[in-house]
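Each chain, letter by letter, is given below.
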Amino acid sequence: MNRKKLQMGCAAALAVYLLSAVLFYWIAGEQLHFRVEETAAVTPAQPIGELVQGMEVRQPFTAQCDEVTGVMLRLSTYGRTNTCRLIVSLLDGEGSVLAQQILAGEDIEDGALQKVFFAQPVRVDRGKWYAVVLASPDGTPGNAVTVWQGNTISAARTEIPVEIPAGQELLIDGAPQWGMLHVTVQTRSHMQFGAFYWYWAAGGGALLACYCGYLLYAVGKGKDVLILRVISAFRRYGYLMRQLIARDFKTKYKRSVLGILWSFLNPLLTMAVQYVVFSTIFRSDIPNFPLYLLTGIVCFNFFSEASSMALQSIVGNASLITKVYVPKYIYPVSRVLSSTVNLLLSLIPLLAVMLLTDTPVRPAILLLPFGLVCLVVFSIGVGFILSTAMVFFRDTQFLWGVVSMLWMYLTPIIYPESIIPAQFMTLYKCNPLYHIIRFIRIVLMDGISPEPKAYGLCMIASVVPFLIGAVIFKKNQDKFVLNL
Amino acid sequence: MIKVENVSVCYRMSFDRVKSIKEYLVQKLQGKIGYEEFWALKDVSFQVRRGEVLGIVGHNGAGKSTLLKVISGILKPTGGSVQVKGTVVPMLELGSGFDFDLTGRENVFLNGAILGYSEQFLKEKYQEIVDFSELGQFIDVPLRNYSSGMVMRLAFSIAAMVDPDVLIVDEILAVGDAQFQEKSKKRMLELMSGGATVLFVSHSIDQIREMCDRVLWLEHGEMKRIGRTEEVCCAYEHNR
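Residue numbers (this note's numbering), protein chains in the order written: chain A, 1 to 484; chain B, 485 to 724.
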């Protein structure tokens with residue numbers, strides 16, 4: 001590789017870095033500066049009775065955050081339309097009102113969760129006492145709403161009783177009740193990362209610039225650098241890779257009538273079946289369930305297709321491997337990449353479903369490629385491990401069928417995250433697909449950037465399996481020929 | 485150009501290759517996992533200069549094909565090292581990597597890419613390949629509809645368009661009907677005398693005599709003799 005091209009490459013890399021750093025700041029917006037959380041709520045067990053004039057419902061809590069943006073309540077209207085107003089206030093320990101929001105009775109839907117945001121986020125002090133206070137200035141018997149209390153929280157399918165800490169019982173006109181109010185406090189906290197974003201970005205840029213400098217120096221001295229080897233291998237075997245991908249893709253649908261349409265139809269039909277099954281037989285209260293389901297299906301289908309294709313890649317190309325010298329990693333990588341073409345095609349029905357379900361398309365969708373790249377890198381890693389294992393133990397192919405099915409049920413694809421029992425959550429978080437699918441869902445469904453930690457987790461979830469796979473593959477590849 | 489130093493290749497042969505975990509565990513427990521070592525090559529060293537044609541002779545199982553595989557990089561030697569400068573084109577088996585669902589045209593590019601040709605090279609040589617194969621309009625028909633002779637003709641045409649630094653030939657390939665066999669043989673001889681470094685394995689002593697500058701004689705994986713064509717060929721023939 002000549003020096004001039006390298007210089008241009010380095011300049012391009014720096015420019016792309018700068019552009020993406022600025023773009024990311026713009027897209028990520030608020031999520032860079034605040035961690036948005038909500039407190040856990042008790043399961044509503046019993047309504048407290050009509051909330052009439054002069055009655056005060058008070059739920060004290062201690063702040064674990066920097067700001068309170070609002071509350072979410074379950075309100076009931078006794079099945080009628082009320083005209084009374086409901087005042088939701090946030091009080092501090094001394095009893096002075098920090099924020100207040102008035103709900104009109106006509107707007108309240110029976111039994112629905114109502115989000116109440118304050119006009120301005122309210123600054124609070126960590127560890128101090130605050131209270132959510134509800135009152136109705138004009139509620140009368142027969143024209144009033146009610147709220148719920150309870151003393152259990154739901155975990156999977158069981159209810160776990162909570163011990164209510166002293167001072168945190170629901171107070172009605174100052175009298176402690178047996179439970180807590182069903183309310184979640186919407187909070188956000190400042191994050192150091194956002195405050196220092198530009199320092200981080202500049203630091204990363206400086207590192208990149210240093211590395212470019214080192215590369216130029218190394219090339220001048222004629223040294224061997226890993227990344228240059230990778231680039232030259234790509235230039236040398238890129239054409240072969242493209243040919244193999246084109247081959248896989250062409251032969252896949254060659255003799256079917258609908259051809260490439262299957263790439264769109266497959267995920268859509270799977271989604272339709274599972275949607276009907278899971279929204280009628282089992283009740284699921286996931287908002288925008290079709291999109292939730294389809295995102296999971298598209299991601300997991302890709303993973304399972306790519307991994308099972310990669311699994312066969314070495315054994316299936318045995319006649320080539322024993323006849324012609326080609327770097328062996330080409331085979332699993334090209335198989336995963338040809339599935340990637342399929343993945344990109346199945347994004348089209350995904351976008352169609354987004355539009356059909358009225359999910360707003362926000363700039364955060366530009367973050368989707370990050371999630372997809374992580375997914376592809378992770379799949380390549382798994383492909384390396386599987387194709388190696390397959391050479392030495394042919395049982396792998398049958399075993400993998402079962403394992404990948406198990407993996408599908410262990411990943412929240414068709415069910416919501418909330419049914420995972422809390423004690424198993426740590427185990428769930430060891431699943432790389434969990435992080436990657438979660439990232440993609442936040443980007444598509446909520447239209448916001450996930451918290452910065454999610455980026456780190458996605459990278460770890462993809463790079464670590466990739467490196468493990470690459471090492472296993474490299475260590476064993478010389479033995480392949482002898483075992484084919 | 486080619487430097488082979490103390491190359492040894494050892495195959496571990498078990499009587500029946502264990503291919504499943506269950507079998508492995510059962511046999512391991514019974515203590516039956518024993519390998520018989522088989523040295524396909526033992527301590528082979530030689531050098532080939534640029535432009536030289538080296539013939540390799542030996543009986544079946546003498547290690548000729550193994551040596552070619554080691555030099556073309558398919559097989560990693562158990563011991564020793566191989567250094568090859570320049571592009572290596574092995575003409576070991578034709579048509580590896582053909583996909584029978586694709587057309588002849590698509591296969592030219594696929595197979596060419598597998599053999600290590602660049603995109604530009606293939607585009608330039610495409611017409612020449614088609615002309616040589618005499619396939620004409622059949623080039624746009626899927627390979628599954630070809631006769632076996634047509635497949636071999638196409639395979640040969642792709643492989644024979646090379647311009648390599650090192651050419652590895654396992655027997656002169658003559659494919660197709662009588663007329664095409666003549667043509668392919670001629671083409672192959674052209675390639676071999678075209679200035680490339682050639683490693684040539686053959687059972688035909690006459691062809692070796694005709695083509696080679698030097699000859700290597702392998703027997704049971706060991707170098708029996710290396711030297712001028714005439715000397716080694718005579719010794720080899722006497723031995724038979």
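Honestly, I wouldn't trust all of these hints.
Claimed, not checked - If the Cβ cut is set under 7 Å, some of the chain A residues that face chain B in the computed set are:
{"no.": "1", "residue": "R80"}
{"no.": "2", "residue": "L240"}
{"no.": "3", "residue": "Q243"}
{"no.": "4", "residue": "K252"}
{"no.": "5", "residue": "S256"}
{"no.": "6", "residue": "V257"}
{"no.": "7", "residue": "Y325"}
These aren't lab readings, by the way, just hints derived from the structure by calculation.
Treat the numbers as computed from the prediction; the structure is a model and nothing was measured.
Idealized CB from N, CA, C, for every residue including glycine.
Item to complete: Find the hints from earlier in the document that the structure breaks and name them by number, from lowest to highest.
Response: 1, 4, 5 and 6
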